[in-house]
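**Q** Spelled out, the chains give:
Protein chains: 2
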Amino acid sequence: MFKQTTNRRVAAFLADGCEEVEALAVLDVLFRSGVPCDTVSITGNRDIVSSHEIHVTCDKTIDQLNFDDYDVLFLPGGMPGTTNLAACQPLVSQVDRFAAGAGIVAAICAAPAVVLARRGLLKGRRATSNPNFQHEIAENGGTLVADQPVVRDGNIITSQGMGTAIYLGLELVSELVSPQAAEDVKPRIVFWG
Amino acid sequence: MFKQTTNRRVAAFLADGCEEVEALAVLDVLFRSGVPCDTVSITGNRDIVSSHEIHVTCDKTIDQLNFDDYDVLFLPGGMPGTTNLAACQPLVSQVDRFAAGAGIVAAICAAPAVVLARRGLLKGRRATSNPNFQHEIAENGGTLVADQPVVRDGNIITSQGMGTAIYLGLELVSELVSPQAAEDVKPRIVFWG
Numbered sequence: 674m675f676k677q678t679t680n681r682r683v684a685a686f687l688a689d690g691c692e693e694v695e696a697l698a699v700l701d702v703l704f705r706s707g708v709p710c711d712t713v714s715i716t717g718n719r720d721i722v723s724s725h726e727i728h729v730t731c732d733k734t735i736d737q738l739n740f741d742d743y744d745v746l747f748l749p750g751g752m753p754g755t756t757n758l759a760a761c762q763p764l765v766s767q768v769d770r771f772a773a774g775a776g777i778v779a780a781i782c783a784a785p786a787v788v789l790a791r792r793g794l795l796k797g798r799r800a801t802s803n804p805n806f807q808h809e810i811a812e813n814g815g816t817l818v819a820d821q822p823v824v825r826d827g828n829i830i831t832s833q834g835m836g837t838a839i840y841l842g843l844e845l846v847s848e849l850v851s852p853q854a855a856e857d858v859k860p861r862i863v864f865w866g
Numbered sequence: 674m675f676k677q678t679t680n681r682r683v684a685a686f687l688a689d690g691c692e693e694v695e696a697l698a699v700l701d702v703l704f705r706s707g708v709p710c711d712t713v714s715i716t717g718n719r720d721i722v723s724s725h726e727i728h729v730t731c732d733k734t735i736d737q738l739n740f741d742d743y744d745v746l747f748l749p750g751g752m753p754g755t756t757n758l759a760a761c762q763p764l765v766s767q768v769d770r771f772a773a774g775a776g777i778v779a780a781i782c783a784a785p786a787v788v789l790a791r792r793g794l795l796k797g798r799r800a801t802s803n804p805n806f807q808h809e810i811a812e813n814g815g816t817l818v819a820d821q822p823v824v825r826d827g828n829i830i831t832s833q834g835m836g837t838a839i840y841l842g843l844e845l846v847s848e849l850v851s852p853q854a855a856e857d858v859k860p861r862i863v864f865w866g
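Read top to bottom, the protein sequences are chains A and B.
Sequential numbering of the first sequence, starting at 674, is according to our numbering.
Sequential numbering of the second sequence, starting at 674, is according to our numbering.
Careful, some of the hints might be misleading.
Copies of one chain are not kept apart here, so a pair can be met inside one copy or by any two copies together.
To be verified - Listed next, the in silico SDA-like pairs over lysine to any residue satisfying Cα-Cα at most 20 Å (straight line):
hint	residue 1	residue 2
1	K796	H808
2	K859	Q737
3	K676	T816
4	K796	A811
5	K733	G827
6	K796	Q807
7	K676	Q737
8	K859	Q821
9	K859	A819
10	K859	G793
11	K796	N828
12	K676	L738
13	K859	N805
14	K733	H808
15	K676	T716
16	K859	L738
17	K676	R799
18	K733	E856
19	K676	G690
20	K859	H725
21	K796	P753
22	K733	A811
23	K733	N805
24	K733	G866
25	K859	P822
26	K676	P753
27	K796	N718
28	K676	R705
29	K676	H725
In short, the hints are calculated from the structure, not lab data.
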């Protein structure tokens with residue numbers, strides 16, 4: 674049962690070929706902590722097929738979205754899902770706007786590099802990503818933090834991959850609800866960090 | 674891209690109210706390791722809605738299933754999903770048969786208690802579960818192992834919850850492919866254990 678604890682909302686953008694667990698593990702932690710989230714398909718309809726052939730029906734499609742209703746734009750990784758996110762103009766124009774100060778941008782795995790770094794959004798920022806893409810952070814003017822599962826620099830929060838998705842969820846709970854709420858949810862997910 | 678490494682197959686049973694990440698994180702690790710898996714809905718159709726209101730369309734429905742095609746029956750937790758699994762007669766009769774030697778049974782979170790322990794299947798076995806349900810293991814003749822994320826006793830493999838699902842996936846890869854394959858997939862998921 675969902676018990677809302679904040680009015681701050683998260684939009685998670687799912688593409689065909691996304692890494693579904695990177696998306697859903699973050700949303701799981703947020704749901705349990707009472708943070709309203711919507712899954713948003715960037716395809717023409719609500720159905721997406723993940724990189725592991727899991728079929729998910731999203732809450733909304735991107736053309737239905739009022740971005741002003743959200744405080745966080747969340748980009749999961751996976752291939753070719755991340756490439757699809759980077760090519761989605763209605764999405765990346767809003768990612769630019771949020772990164773410039775309109776909200777929080779969270780990205781995991783390939784997304785910090787393929788979406789954020791390549792758009793210049795990590796310039797002067799500390800960030801992390803999937804190890805295979807970490808070179809792009811420095812190449813695009815950022816400061817790589819390779820030894821942490823999640824890295825926050827102001828309004829940009831990045832994480833490394835499927836195995837660190839829970840850490841990203843906890844960081845978002847800490848920001849959107851409270852650090853105590855992030856501690857409180859750990860036993861409920863049997864956090865094994 | 675899926676590259677099959679074994680002919681041994683896993684059936685994951687999804688109910689309305691299941692904990693989707695407990696199911697999908699295990700399947701993610703298996704997919705990456707080349708283990709063929711099917712998601713199987715125990716409702717009358719392929720669509721299920723998880724305990725966190727995620728809509729997943731399964732590969733099959735249980736009435737289409739030939740259980741002899743599978744080597745592992747995998748039961749995720751979540752509420753009321755686990756109660757729904759326990760009440761699904763076509764499923765639990767096969768769980769009994771697999772536990773008796775026809776194959777492997779894997780269960781996580783509430784499922785080791787609510788499905789396996791309550792059916793007497795953990796009698797004389799070492800097992801674990803979600804901390805809130807661990808008392809049922811001893812009450813039903815099993816030996817609780819509380820300090821491990823995943824416990825194997827012969828053909829029954831149990832795990833504690835969402836935060837330990839990756840460990841269950843790795844244990845299944847070790848069994849179905851090889852211990853080396855389980856090591857090999859860890860960097861690919863950015864394992865942070």
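**Q** Output the numbers, in ascending order, of every earlier hint that fails for this structure.
**A** 2, 3, 5, 7, 10, 12, 14, 15, 16, 17, 18, 21, 22, 23, 24, 27
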